[in-house]
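Residue numbers (the working numbering), protein chains in the order written: chain R, 31 to 124; chain V, -10 to 239.
Please note that a few of the clues may not be correct.
[To be verified] Cross-link-like lysine-lysine pairs, in silico, DSS-like; alpha carbons within 30 Å at most: (1) LYS(-5)(V) with LYS51(R); (2) LYS116(V) with LYS(-5)(V); (3) LYS(-5)(V) with LYS119(V); (4) LYS116(V) with LYS51(R); (5) LYS51(R) with LYS107(R).
[Stated by the list, open to error] Computed from the model, here is a short list of chain R residues facing chain V with C-beta under 7 Å: (6) THR62; (7) ALA67; (8) VAL71.
[Stated by the list, open to error] Not close to chain R: a few residues of chain V, all C-beta gaps over 12 Å, as computed: (9) PRO20; (10) ARG48; (11) LEU103; (12) ARG183; (13) GLU200; (14) GLN238.
Simulated from the structure, these hints should not be mistaken for lab results. No experiment lies behind these values; they were computed from the predicted model shown. Where is the CB? At the ideal position from N, CA and C, for every residue including glycine.
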Amino acid sequence: MTEAMPLWEVFIRPRNGLSHKHVGSLHASDATMALNAARDVYTRRGEGTSIWVVPSSVISASDPDHAAENFEPTASKIYRHPTFYEIPDEVGHM
Amino acid sequence: MSEALKQAVLELADDHLILGHRLSEWCGHAPMLEEDLALPNMALDLIGSARTLYGYAARLEGQGRSEDDMAYLRTEREYLNCLLVERPNRDFAHTMLRQLYFAAFMEPYWQAALSSRDELVVGVAGKAAKEMAYHIRHAGEWVIRLGDGTEESTRRMREAVEDLHLYTPELFAASPAAAACAEEGLLPDRAALRPAWERTIAMIFDEALLEAPEVPFPREGGRQGLHGEELGHLLAEMQWAQRVYPGAQW
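This is chain R alone, in the form it adopts within the complex (with noise of 0.2 Å):
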């Protein structure tokens, strides 16, 4: 079933202005399939304005071995956050 069925990475995007976010994944033969297996599967209540799908098999991801050197050094670096200056109540919401 994995050979003829591979796995896919499900993408959503819920409104326009926002970016797609990934929802969940699924099996199917090819791409047209897999977006329209994504349509029922990930769209019945109205989720979407725009699906994205990506064969699992292209995604690289980090080793969670290097977890620490990867993200633990910014923990300790809060200058970068940009905390340290006021912003003027007539600004509103960043």
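Since the structure of chain R is already known, use the hints to place chain V on it.
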């Protein structure tokens, strides 16, 4: 005129309910999760249209019957659906081909119905035309992949064409009631939709490496209530709860 319209609307409603019920039979049994959701999705499209149409037929009749009375309390001979929609699911090839045959007819039907003089018909058409366009795509893609697939899928697809093609001429035949409604501009002229249907089927069959056979002796009779024995089994399954517990609701 309202008697003819009631009758013709009932024919349409029966087509949609029976095919919707057939698709719903796959729920929990489809070969993969993706189709297990897709088939009931499509069933609900059809049953949704059927509900509106039954409600309208009941109002036109004016005897105080409800959409549920229409669906659950009519006997086999009172059902006016075409024979194609009651054909059993058999395998995925039969199910997808039956869906393609029906949707390839109903899509141009609802497109034409957008210019009906009847407001409710226009309302149903606006929603249903889009649903049918998707059913053509979904079923069509499967027909292409099964027809031009493995040895087994090709054999099954060809068997489905042989089994079902002879039920398609009935789609274009108008009962006296439907003909009267077409005359009045209330419902589309069914025969006029044949070229559009043939174009859709030819395009998909071309890719699927399938051939549409000649049909010297088409199967017809559904519009007069003359059905195959399979409809009786379908109705028994669909209606038993209302028959055993009259008026039951949830």
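Checked hints:
Between LYS(-5)(V) and LYS51(R), the direct Cα distance comes to roughly 47 Å. Violation of the 30 Å bound is thereby established for this hinted pair. A C-alpha spacing of about 21 Å is found between LYS116(V) and LYS(-5)(V), which places the hinted pair at or below 30 Å, so the restraint holds. Restraint check for LYS(-5)(V) and LYS119(V): satisfied, since their Cα atoms lie roughly 24 Å apart, inside the 30 Å limit. Taking the CA atoms of LYS116(V) and LYS51(R), the gap is near 28 Å; set against the 30 Å cutoff, the hint holds.
Of the supplied pair hints, the one linking LYS51(R) and LYS107(R) holds, its CA atoms being roughly 28 Å apart against a limit of 30 Å. Checking THR62(R) against chain V: minimum C-beta separation of about 6 Å stays under 7 Å; hint holds. Annotation: ALA67(R) was flagged as interfacial toward chain V, and the flag holds, the nearest CB pair being 4 Å apart, inside 7 Å. Checking VAL71(R) against chain V by beta carbon gives a least distance of about 5 Å; that is within 7 Å, so the hint holds.
For PRO20(V), the requirement that its beta carbon stay farther than 12 Å from each beta carbon of chain R is not met, with the minimum near 9 Å. Taking the minimum C-beta to C-beta distance to chain R, about 29 Å, the non-interface status of ARG48(V) holds against the 12 Å cut. LEU103(V), annotated as away from the interface, keeps every beta carbon of chain R farther than 12 Å; the closest lies near 23 Å. Remark: the non-interface label on ARG183(V) is consistent with the geometry, its nearest Cβ contact in chain R lying 27 Å away (cut-off 12 Å).
For GLU200(V), the non-interface assignment is confirmed: its Cβ lies about 23 Å from the closest Cβ of chain R, beyond the 12 Å cut-off. The beta carbon of GLN238(V) sits about 25 Å from the closest Cβ of chain R, which is more than 12 Å, so the claim that it is off the interface holds.
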